[in-house]
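J.: Fit chain H to the given chain W structure using the hints.
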Amino acid sequence: MEILIKASLETLYMVGLSLIFTIMIGLPLGIVLVITQPGHIAEQKRVYKLLSYSVNMTRSLPFVILMIFIMPLTRWLVGTSIGTQAAMVPLVFATIPFFARIVESALQEVDQGIIEAAVSMGASPLQIIVGVLVPESIPSLILGATITAVNLLGYSAMAGAIGGGGLGDLAIRYGYHRFQTDVMVMTIVVLIVLVQLIQSTGNVLANKIIHIRRK
Amino acid sequence: MIKIQNLSKIYDNSKRPLVAIDSINLDIDKGDIFGIVGLSGAGKSTLVRCINRIEKPSSGSIIINGVDMAELEGKALRQARYAIGMVFQNFNLFNSKTVYENVAFPLKVKGMDKNTIHQHVMDLLEKVELMDKKDVHPMRLSGGQKQRVGIARALAGNPSVLLCDEATSALDPKTTDQILTLLKRINKELGVTLIVITHEMDVVKSICNKVAILENGCIIESGETVDVFTHQSSEKTRHFINNRPIEGPHSKLAKNSSRLLLTFKGDTADRPVLAGLIQEFSLNVNIRSGSIDSIQETSVGKLIVDIPSTSNNLDEIIQYLMQHGAGVEVIS
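First to last, the protein sequences are chains W and H.
Using UniProt numbering, you'd call the opening residue of the first sequence number 1 and step up by one each time.
Using UniProt numbering, you'd call the opening residue of the second sequence number 1 and step up by one each time.
Keep in mind the hints are simulated off the structure, nothing from the lab.
Certain hints may be false.
With a straight-line cut-off of 30 Å between C-alpha atoms, the simulated DSBU-like cross-links for lysine-lysine are [as the list claims (entries may be wrong)]:
(1) W/Lys215 <-> H/Lys114
(2) W/Lys215 <-> H/Lys133
(3) W/Lys208 <-> H/Lys133
Chain W on its own, in the form it takes in the complex (with noise of 0.2 Å):
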């Protein structure tokens, strides 16, 4: 039981600080995928293309291979390519195009002529992002945010393989390697409670400022 509780807070503080990490660079790049964009606030057609090629290439990698692919530049962030820090590399760095990509569509959404009146109104292309893309959006992106987190509490049991630690690592090494067939189903509901969670506190959340909105 002990173990479990002690996979299970890793394996939070795994997702958790990693989703700071992803939103921190993932929305800024999501947003300047949508402003590049021709016809957009801020058209740079070469920036857009540079990036969009950039994050479909690292999305193209599986999270395993990216894992082992970046285990030098993990080690020269955090000193060493084991354990829960050390797992938290690849994840972010996995993530970070994934949720660009969602931010993107979540911003495209917003209608054009809403845009329009704000570029009417003389405001610059930072006020528009500030005031009115993600403010119009934002129902969108913690939907968006959710379904990230999600895929982070996938991808960090995959890096328990390397002995990133949390319920990945349990069930690995208890279930897999002990055949402990009780530590893995505990582990497997454990996985199921916790993305149940996740997904209804973001649901929760988008509703309410859609309600919010309605009013």
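T.: Using the frame of chain W, we list chain H on its own:
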């Protein structure tokens, strides 16, 4: 006040370049309510979007208060936009903001302080009679209310020009009248110049003092609204202006008769011109149809009459009518 010279906009990103507006020249005076009408695709939206530079014109100049909008870029362009408000067909309100925050946004953009913004927003909401809705989100508002928020927001920056892009086209007739009354009041009270884009002639008739008709990116007719509506129209402008009353179903023209379209404008509409004609020439005039219209508070009457005539006195009849202030057009 606004001088548009040789303005063209060509979209050449496709294989066949599309000329959206073709060397347009327009002069709009301060305090005008200037109507720009045309069918969809005539280029009216492009024209208005060039004025506040949401679209970049391909050539020509747009001089507003002495500054050429076509030349501006970056910060100077953004600041120039403060003086040009815009009202949209689909309102384009910020759904994430309350009515108050929507109206406050352009003021925040200008970098005004909170107290000034508050005072300004309250004034504007009072002007558009939406004080009670100030903390409501746009989703809760009716079309007319949304457009009033749109107007308040467009006025927030104290603009000297207000661009209305089909501002009433998504509204029912009653709400349309309310919005038009509001726009007219704003024009009178604040002295804001209005440029009204529309495909509805009734909008032009009720509020615009001047009008330009746009077709395929060119202006085919322009001038004072009353003149444009009373003046003999060309084949091209006829289907916008439609200044003839409908002729009756049994309107075959008798032999040795001429059919005339008579136009009476303003006070000539009050004079018994036709009665005078009948007495003077002792004619049997047959009235086919008639209509009376109110354009910019001037009444414009139209009559289609058949006049028995020999070719020699028709000229005299026309002359008599014209001397008495009526417009005459021989239809057949």
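J.: Decide, hint by hint, whether the structure agrees.
T.: Evaluation of the provided hints:
no., hint, verdict
1, W/Lys215 <-> H/Lys114, "24 Å, holds"
2, W/Lys215 <-> H/Lys133, "11 Å, holds"
3, W/Lys208 <-> H/Lys133, "21 Å, holds"
When held up to the earlier numbered hints, the structure conflicts with none and fits them all.
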